[in-house]
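There are 2 protein chains.
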Amino acid sequence: MAKYIYFFGKGKTEGNGKMKDTLGGKGANLAEMAKLGLPVPPGFTISTELCRLFYKSKMQFPKSLKSEFNKYVKKLETAAGKKFGDASNPLLVSVRSGAKFSMPGMMDTILNLGLNDKTVEAMIKLTGNEKFAYDCYRRLLMMFGDVVLDIERKLFEAIRDPNPKTVVEKYKELIQKHSGKPFPQDPITQLEMARDAVFKSWNNPRAITYRNLYKIDHNIGTAVNIQTMVFGNMGNDCATGVGFTRNPATGEKMFYGEYLTNAQGEDVVAGIRTPRPILELAKEMPQPAKELRDITDRLEKHYKDVQDFEFTIEKNKLYMLQTRVGKRTGLAAIRIAVDMVKEKLIKPEEAVSRVEPLQLNQLMHPMFNPTERSKFKVIAKGLNASPGAAAGKVYFDPDKVCEMADKGERTLLVRSETSPDDIHGMYKAEGVLTATGGMTSHAAVVGRQMGKPSVVGCSALKVDEHNKLFRVADKTVKEGDYISIDGATGEVMLGDVPTMESEVMQVVKGTLAPEKAPLYQYFDQILKWADGIKRLKVRANADIPRDAQYAMKFGAEGIGLCRTEHMFFAEDRLPIMQEMILATNLEDRQKALDKLLPLQRADFKGLFEAMRGRPVTIRTIDPPLHEFLPKREDLMVEVATLKAKNGPVEEIKKKEQLLSRVNELHEFNPMMGHRGCRLGIVYPEITVMQVRAILEAATEVAKSGETAFPEIMIPLVGHVNEFNHQAAIVHKVADEVAKETGIKIKYMVGTMIEIPRAAVTADEIAKEAQFFSFGTNDLTQMTFGFSRDDAGKFIHNYVDNKILPSDPFVTIDQGGVGKLIQCGTEKGRSVRADLKVGICGEHGGDPESVIFCHTAGLNYVSASPFRVPISRLAAAHAVLREKAKRPHSGTPYYRVSPKRSGAG
Amino acid sequence: MAKYIYFFGKGKTEGNGKMKDTLGGKGANLAEMAKLGLPVPPGFTISTELCRLFYKSKMQFPKSLKSEFNKYVKKLETAAGKKFGDASNPLLVSVRSGAKFSMPGMMDTILNLGLNDKTVEAMIKLTGNEKFAYDCYRRLLMMFGDVVLDIERKLFEAIRDPNPKTVVEKYKELIQKHSGKPFPQDPITQLEMARDAVFKSWNNPRAITYRNLYKIDHNIGTAVNIQTMVFGNMGNDCATGVGFTRNPATGEKMFYGEYLTNAQGEDVVAGIRTPRPILELAKEMPQPAKELRDITDRLEKHYKDVQDFEFTIEKNKLYMLQTRVGKRTGLAAIRIAVDMVKEKLIKPEEAVSRVEPLQLNQLMHPMFNPTERSKFKVIAKGLNASPGAAAGKVYFDPDKVCEMADKGERTLLVRSETSPDDIHGMYKAEGVLTATGGMTSHAAVVGRQMGKPSVVGCSALKVDEHNKLFRVADKTVKEGDYISIDGATGEVMLGDVPTMESEVMQVVKGTLAPEKAPLYQYFDQILKWADGIKRLKVRANADIPRDAQYAMKFGAEGIGLCRTEHMFFAEDRLPIMQEMILATNLEDRQKALDKLLPLQRADFKGLFEAMRGRPVTIRTIDPPLHEFLPKREDLMVEVATLKAKNGPVEEIKKKEQLLSRVNELHEFNPMMGHRGCRLGIVYPEITVMQVRAILEAATEVAKSGETAFPEIMIPLVGHVNEFNHQAAIVHKVADEVAKETGIKIKYMVGTMIEIPRAAVTADEIAKEAQFFSFGTNDLTQMTFGFSRDDAGKFIHNYVDNKILPSDPFVTIDQGGVGKLIQCGTEKGRSVRADLKVGICGEHGGDPESVIFCHTAGLNYVSASPFRVPISRLAAAHAVLREKAKRPHSGTPYYRVSPKRSGAG
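Protein chains in written order, with my numbering: chain P, 107 to 1010; chain Z, 107 to 1010.
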């Protein structure tokens, strides 16, 4: 016969701390504490297995349950030395839910079961406290009415009377009226109804929503814990409280928590009375306080982790009601992990496994001063695209941002959406706020790349760039008004919330010495341990020397992606680039390219110098040319306006000519248009110039005695012939440069695999290409047929409706895109065993994707400089997961915080 | 020792007609004729193998060649009864190239070799005709100078003198001057030099270009034919001519050709003298004429195909110089094939194999009256997107086209590019001409779908839609001017070239009885035979009942794709559709959908009725919603103009509101945006309406006693969950309709496989979906990352530079897209063995792609109605190719005509 119930209590405990699958977290920890001999009120746990069976059997229990349940009721009566319904010493119990994963507040608790009209009298006699007894009965009636009988809590709350006995009478009437039956006087009936109600609460709407958000399996079910009541509200020698063995916000090693005397558990969190710091307990009740300190110390050592505990003191006797691993901030997680290694409680591997990679973010981005922040009003919420806090004056035009920033103003760039022309403004702004676009929209990608706080897709904003204002609900924010954005939460606040730069960033930027930055040292220690564990290399995506320097400080082992075109958007270069594009013949185009060559060469030299011999992957030009020209619609409007106003004929003509060329370059779907290697094939002279700049720069570095190792990468290859065309140019130019300078630079030529056709024909391509870098942004776009600039319009609907488990632009879609990555890697290595394979999409900084890349056998991931630490830690987690022989499943390893609730 | 030379001539012939690989086409046919005992002047063929060896050995011959060559020279002298260089009866020969595939005019011929200062005297004596002899010598010097010594032909042509002897002297001087050496007097030296020159001419630039265009292998080499000269120019009892055993233009069974008396071969084609119809030869030279008729009859029966022959009559004696299978028009190909079956010359299978599927086109599209056409000027040339001839007045606005067409005018729609809003105009216009876009641009696809003559991507056109004119070079064509376009050649002509509708189309449209249409009968006969051979089913893409009716007449076995959204573009529906899109809440959207329901139901009913129980695959809505709204840029310009002119405030406000909604729907890459099932998932009510319309229509048809078999197809599925979401709606609505009407309609639910992710996860999808239809247009777009609306800008460069073998939007890219089709089919059938699989992209009407689909094991292809006959024939060819056990290779089975030469 299956076993559904497990007893706990001194000497008779049947479960233990490892049985969370069966007993739930609370039940397992109660059993473990009881086994350790700690003062746990006796009780029993009804297993999650019974819950699953209950749902499978259409809310029916197996026949054997009744007798098993009665057996455990008797056992509990024996252990407690009291009997249910006893007129002199009645047994009272609590009934609590407890699933494997904590779901705070999602399901229900009922206290004081066993009270009825008869036993309440016994309690009065026992305690000599009629008010206490009736208050307990009142609480039972309200909780039972709410949880079991589904009577709205506010109906109970509306009933007020100074005499608790009167309240009890009125509550009973309310129950009779709403449920059509009187409150059940039989304690066993109460117990059974409460048990069933807890099982049913597993599928109440808020529990379902919670599990959706935290990606908890809906099928695991909950356990029910039935435990002897102890009372913290029997008088002033009674108390109840909660605490942590270390500070969960900062990680500091200190006894942390709060308590109330003469109170029941819910009073501590209800906020009616102000609880007192737990350290004061020692003064008030020295004996139980000491015992509590000893017990929690012991629990921390036993579990080797911070404990989050609940206790009650009944007439100076301490009872432990709960203990569990304490949740903590990123900062605390790192500090606690490092401290515990120093205390020899855990090994470095364990410390590494306890820090979630994304938690590192919290140490990197500027923060709002928390006390100041609460004074400001949140006016809207968008997507938390790039974490960090930023405040400044609103501007709608990147040039204006630059102008004002150069004058020393803090600015925020607010746009409907951003485009590559806005980069200078984004760079100068404190942060970026857009009304449209998803987590990988231009603003989001560049924001993260720059480590710039960004809130995107804030659809409540009606941006009117023309009139230089935005509206949100009834508020209008004009150019020059202050707002503040929190890139970690997506919140937009009215006004200038003060921020501060993190210690870690100060060290990376060289404004703070590492030895004066204790937080940086914790951060650095965890990452050093991670480096000792990981096998996957981590590179950075960096386009300019400054980013490369940051990347090095963050531990990058090379540059995995330098986007050469970003260099063309600089103020002094854009006009030359436009000259090149507007050229109608090779000669004019060549003239412009000749001007760009020395500029690019200088950039590359800076990168090589910063990377000191580490590999630098440089991608030839990628975006469609019209991105460098004024917007077509803007020109059309300008021309129409000039014409309507009978403007100067010459100016109209000039604008029309420009518009005509822009029209020629216009594309309906630029993401699938004339870009990538398609540009270099139609205009080989562009590739020639870029390759020359790379190799001349490398030669200059070599002359100075340093090594430069360029890996030249051809983008958007779909057919091996495209690669061959461009690779031939690379080799030809390399030979020329070697001949001219007498120095032969070691370089590689490889390709992005970002077009599905390239993945499918990777064996053909690998015969020619020396390395692969999966461009997972484009590969995700093409594999799904999702434009990342547009998918925001429906992708949240998809995630909310479980059509997709997560945004594939954030976490690699293993079932589809991942298959192409595996297929491409296998095919590539089938013809070139030592093929170097990496990824350089945004996914290179996403922990779950990094772990996938490790599993898929890639050599490296490349992430934006500010994500490098995250990827290093994730790469270590990949090895630890492998060691734990946990086979990789579709469900994420990390708990992900909910980003948006509902579709709003 | 390898054999490099093959003799031909009565009794001693070493080769035969099947040895084209070794002897080239000309050599093999000469050998075959000689073997048949026909009067062929003796000679020998130097094999292609030697040519290949020649190139492989850096233009060196094996040592053994010299003696073998000498041996054959002797053999020839014996056979001819003459000797080279003989002072009394010298042997003269021609040297001609001859590869496996005919490359007319691409390589070189030299006549009269063996003449020198001595033998010319012998010829004078032999013929008594000094002028003739010197004329022969002159021709030799010119041809030798040009072909062997590389002296420009025009230098020879500049030398004129009435006395041929003087010309000969001057030619010899020219040769001495330019080559530094005298003309070689030794006949064997002449011969060897000529032979080497022919081998070298294999790689002259025009031969290379030709082979590129016609996709002929550059490595097969040419043979050289050395043959005893016979002279059609010895006097009036001499003649030379060319002919066909049947009319190659019409296929009529008639002796067809032309000849000249007293002339050499080149004079017939040179156009200096007007040749006479070959039937007249019988009057002039009855004996050789009868012999020629007998011989060519015999050759046609021998080869069982039309012969294209060359002959010379020397002093009343007939010599056959060449025979080969005659090239013919599509019309002739069909007629000849059918006639030959009737004559029991060939079997139906052979007849089917002799008609290239694309040749059927020529019987379907209206034609320009050929005599009239030559009177008009060609002003530009674009891509021949949709064949057929069209002439009409130019209009730049689809509404204007409709207006004028309704008034009875013939119109041509000229646009920079077309969009779905132009469909009504395209439908009403005679033809469509665009300045941009490739072979699968909107204009091209819809043009073919409609069977509408279309020339697209005509980049010489500068279309100024605003001023209602286009410019081409120095010409300006204004609204209302007549132009004519030929969709088969891409030519644009100024003026109104008269056209006539083809017989086939008249029959299909019901305006001509089949029995009165002999061409239709030929067409129909070939297709009936093809149907008896093919296994692949052929369906049609049709959106409206009229197209379905045409499809039926063209032999479609069902509808493979009904694009439901096309129904929304109709004049009476677009406003309702816009109402639906502009709705900001479900209630308003539902109101608009309720209005659309009866309209869609009526459309579907018409389709079901037309198809009489054959399967009808209906795709739920696919394009992004903004396609139904006014263009964003147009609105922006309107608003700007109104504002600049201080227009009415109310109107500005209204336009701005519309613009605001259009901006919300605007997408950067609409092809990868919110379209396909993504619409039906975010707005399930649209799918509900469409499914209800389908099933209610099917029910109405069922009530009338006819069968309707809807296959409901969900577009743009990338993840099985998307399919499941939509399939659940289909089943739910089907159940509702069945309950309401009491009639249960048999239907299927399947999906398009057009997203790479769908192909990669086809096994997951096939568990749920009952059929697959590969949407090869989108699949090609996503697999390559090529936007078909934009790829025109670089795809020709790719094809010209051999980066791609052909435009993947025209012929399926077997190496990439084809792999995904195979992978998707295999994975799909691995979980559902009877999965019905088809394709419904434009490729369904491309012969090579149809053959691929057969090979890949698909069940059907679906093509536009006007391509159905082509696909039927191609499907038969697929079976014949399989039978011939020719393994499918990457090179096309069909000769494709060159569409554009060079990049221009």
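These aren't lab readings, by the way, just hints derived from the structure by calculation. Errors might be hidden in some of the hints.
Just so you know, same-sequence chains aren't split out, so a pair can sit in one copy or run between any two.
[As the list claims (entries may be wrong)] Straight-line Cα separation of at most 30 Å, DSS-like style, residue types lysine-lysine; simulated pairs:
| hint | residue 1 | residue 2 |
| --- | --- | --- |
| 1 | LYS453 | LYS164 |
| 2 | LYS838 | LYS164 |
| 3 | LYS751 | LYS761 |
| 4 | LYS278 | LYS162 |
| 5 | LYS116 | LYS701 |
| 6 | LYS568 | LYS118 |
| 7 | LYS181 | LYS124 |
| 8 | LYS359 | LYS534 |
| 9 | LYS759 | LYS410 |
| 10 | LYS574 | LYS760 |
Hints, one by one, checked against the model:
1. LYS453 - LYS164: Neither. Shortest intra-copy (47 Å) and inter-copy (71 Å) distances fail the 30 Å Cα cut-off.
2. LYS838 - LYS164: This pair counts as between: shortest inter-copy Cα distance 25 Å, intra-copy 74 Å.
3. LYS751 - LYS761: both (15 Å within a copy, 20 Å between copies)
4. LYS278 - LYS162: So LYS278 and LYS162 fail the 30 Å test inside a copy (34 Å) and across (107 Å) alike.
5. LYS116 - LYS701: Answer is neither: 84 Å inside a copy and 74 Å across each miss the 30 Å cutoff.
6. LYS568 - LYS118: Neither: 65 Å inside a copy, 93 Å across copies.
7. LYS181 - LYS124: Answer is within: at 23 Å inside a copy they meet the 30 Å cutoff, but 101 Å across does not.
8. LYS359 - LYS534: neither (40 Å within a copy, 82 Å between copies)
9. LYS759 - LYS410: So LYS759 and LYS410 fail the 30 Å test inside a copy (77 Å) and across (67 Å) alike.
10. LYS574 - LYS760: both (28 Å within a copy, 21 Å between copies)
Violation of the numbered hints given earlier is confined to hints 1, 4, 5, 6, 8 and 9; the remaining hints are satisfied by the structure.
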